[in-house]
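Between the sequences and the hints, there should be enough to build the whole structure, so can you do that?
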Amino acid sequence: MTREQVDGLIAAGEAPAAAAGMARLFAAAPTAGSAAFVVSRFEQIAPALTLAPLRIAILRSFTIEPLVAALRARCYLAGLDATIQLGDYNLFAQELLDPASRLYAFRPDVVILAALTRDFAPTLWSGTGDQHGEAAASATRLLQWLGAFRRISEASVIVQAFEQPPFAAAGILDGRSDDGQRKAIQHLNDAVLGAARESRSTYVLDYDALVSRHGRLAWADQHKDLAMRVPIRPEAYGWLADEYMRFVHPLTGRVCKAIAIDLDNTLWGGVVGEEGSSGIKLGAEYPGNAFTALQHHLKSLAARGILLTLCSKNNPDEAVAVLRDHPDMVLRPDDFSAVRCNWDDKAANLRSLAAELNIGLDSFAFLDDNPVERDWVRSQLPEVTVIDLPADPVLYVDALRRVPVFERLSLSAEDRARTDQYRAERLRAEVESSSASVAEFLRSLDMTATIEALAPSTLPRVAQLTQKTNQFNATTRRYSEEQLSRFAAEEGAIVRTIRVGDRYGDSGLVGVLMARVTGGRCEIDTLLLSCRVIGRGVETLMLADIAAMARTLGASTLVGRFVPTAKNAPASDVFSRHGFAAAADRADDTWWALDLQSAVIAPPDFIKVTNPT
Amino acid sequence: MTESVLIDVRRLAADTLKLTVDEVPPTATRDTLPVWDSVAHVNMVLAVEQHFDVQFLPEEMLEMLSIELVAMLVDEKLAARGPR
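Chains as they are written, first to last, in the numbering used here: chain R, 521 to 1133; chain L, 14 to 97.
Take these hints with a grain of salt, some might be off.
Calculated from the model, a selection of chain R residues having no Cβ within reach of chain L, i.e. all distances over 10 Å [stated by the list, open to error]: (1) 544; (2) 603; (3) 713; (4) 821.
To spell it out: a stretch of chain L is covered by chain R in this simulated footprint if at least three of its residues, at any positions, have a beta carbon under 8 Å from a beta carbon of chain R; those stretches are [stated by the list, open to error]: (5) 50-57; (6) 64-71.
Because the hints were derived from the structure by calculation, they are not lab data.
If you're wondering where the values come from, they're calculated on a predicted model, not measured in any experiment.
Even glycine gets a Cβ: it sits at the ideal position worked out from N, Cα and C.
What follows is the structure in C-alpha cells.
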C-alpha cells in the first residue's frame, strides 16, 4: 500500500479501505513521517468512520511535541480519535493541585505524567548529595500530587517511573554504598509502584525498562537535548507512543480475549502432513527452540486469561496426535479452548470459533505465518486483529510481545481460570463457506502459472514432490528420478509440471500431473500439489490442461483414480468437483471418468497462464 | 540536489505541516509558510532524520531556512555516509 493508493481510496470515498490501507502502510514503516501522513489523512476521513473519542492530557518535563502525531496516528489506527493536551514544562504541581487548572478544564480521560528523572529529581540524576533522603522526599511529593488529583478527577493516570542514568555518578563505586544512586532511584520507583497498586485507576509505565530495552545510549540525542531540550531520538518518540498504547488499549477495551493459532510453521517448524510428527522442528535445539519459545509465550498469555484456539489447515487426527504425543510440545490439547483443524477457509473457521466461544470477532487475534492467510482474514474480517509474523521464526515471540491487545491492567481469578471454563466444548466444526468471496480473494492474489512438460532440469524436484507429498495427492505413488524418467519415456506418457507465483512471490514448482494415453483413454496416474497452494484453484488449471491435451491426442475419456490414505483427504473430492462421474467405488480406491467429448474443464480465470500451450 | 530526496522532504514537510505537497514548493521558507513554526520545525526535522536515517546537529537545524536547504543538508549527510 502506498500513499498514492491511500489518497486514491480517500478520493473515491472509501474511508474504511483507506483506513485499512494506512494500517498496512504504517505497519511497514512506523516512522514519524508515516505518523504525520496517517494523522493528516485520518483528519480528512474521520467523519466517515466510527471512531471513539479519547482525551489524553500529558504533563511533561521535556519536549514531547514530536510524540503527539505518533500517538494520534496509533490511536486513529486503533479506532480512536485522540485529542491531546500538553502541559507546560515542569508545571505538574500547579496543574495537578489547582482544581481550576487547564488540566481539569480539559476533562481528560487519561492523564500521563511524563517527567524525566533529571527534571523531577535533579539530585538523584546528578548523584550528588543525600540520595536516600532525596528519593524519599521525591516519592512523598509525587504521591501528594497524585492524591490531590484523585480527589478532583476520575480519569485514569499513567505515571512514568524514573530512569537510571547510563552511567552512575560514582562509577563502579555506586553499588558499594548504602546511599547509592541506582538504589535511590529504584527506591523512588518502588514507592510509586506501591502507591499505584493501592489507588484506583493509577498505573505505572516502567520508563526505565523501556529505555533499557532499546539501549540508553541509542535512546538519547545529547546534542538536541542540550540545544533545544529534545532529549530523545525520533525513533524513541515512536517507541514511547507504542508503550502508551499498551495502556490505551486495555483502558478503552480494545483488547483481544482469544487468539487463533496456526500449526505448521507457526506453532512448530515444518508441515506435519508432509514430514510427520517426528519430522517437525520443535524442542531444545535450533531451529525448533524458536517454536518452543513461542509456545511458552502463548502459555503465558493463557495465564493472563487469553483463550488459545487452533485454526489450522490440517488433518485433525494428525494435528491432535502431535498436540497429545509429541514429547516437546509445551501446549497440549487441554490448553486450547476450541479447535478448527480442517481444510475450510480460515475466515469461516474464525467465525465459527467466535460463535463457539461466544465472543465477538473483534476480540480475536489471528496468528499465522502465511501472509496469504493473513491477508485473506484481513479482507474478510477487518475486525480481527491480524498479527504480522516476520519470516524468521526466531523473531516470532518479539512480534507477539509488541502487540498491545493482550495487555491487561489487572487480573481476576476468573481470568486465570478462563481456559478451563471453555475446555468442555471442543473439537467441533461446522462451517459455512462463502464461495463468492473466496473467488474474489483468489482474484486479488494476481496468481500466475507456468505449465510445462517434464524437463531434465525439473526431474529432481518432480521426483521429490512425488516422494514427499502426502496431503493433496490423489494416488500417492512414489517415483525415484530413475523411475520417473522411465515413465516419461513410455509411449503415450504425459508429465506436466506447474510453477505458481502470486503477488507475494514465486512458490516454485508446486504441482505435478502424470498420465498415460492408451487408445481413447487418458488415465491420470498422479495428481499432486504442494500444500502451499492447496485451495487456490491450481488443480483446476492442471485438469483443464490435461483434458485439452488428452483431447488433442485423440482420447475421448479422462480417467482419474483416488487412493485414500491416512493423509490425503484434501484431494478426495478433486475429481467429483471437476465434473468426473464415479466409475467404480472399491474398497481401496475410487475411479472417476470424464467424457471429453461433452465435458469441458474451464481453467480458473484468476490465474494468468504465462505460456499457454 | 537529488530529486528523490527533494520529493521525500516535500512530502514529509507537507504531512507534518498538514499541507498538500503542492503547497510546499522547494523555495518555501519559514516566512512563506506561517504554519512552519518552531514546534513544526522540530517535528519536521525529526521525521526527516528518521526517514533518511540521518542525524542533524542543532547548528544544522538552524540552517534549514527553506525546503531546498533541508534537502541539500540531507544530501550532504547521505553523501558523507557513502553507499549502504
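Results for each hint:
Against chain L, the non-interface label of residue 544 of chain R holds: every CB pair exceeds 10 Å, the least being about 17 Å. The non-interface label for residue 603 of chain R is consistent with chain L: the shortest C-beta to C-beta separation is roughly 16 Å, beyond 10 Å. With a least beta-carbon separation of about 31 Å from chain L, residue 713 of chain R lies farther than 10 Å from that chain, consistent with its non-interface assignment. Every C-beta of chain L lies more than 10 Å from that of residue 821 of chain R, the closest at about 31 Å, which supports listing it as non-interface.
Coverage of a stretch by a chain is defined here by at least three residues with a beta carbon nearer than 8 Å to that chain's beta carbons; for the region 50-57 of chain L and chain R the count is 3, and the condition holds. Requiring three or more residues with a Cβ within less than 8 Å of a Cβ of chain R, the coverage given for the region 64-71 of chain L holds, as 4 such residues are present.
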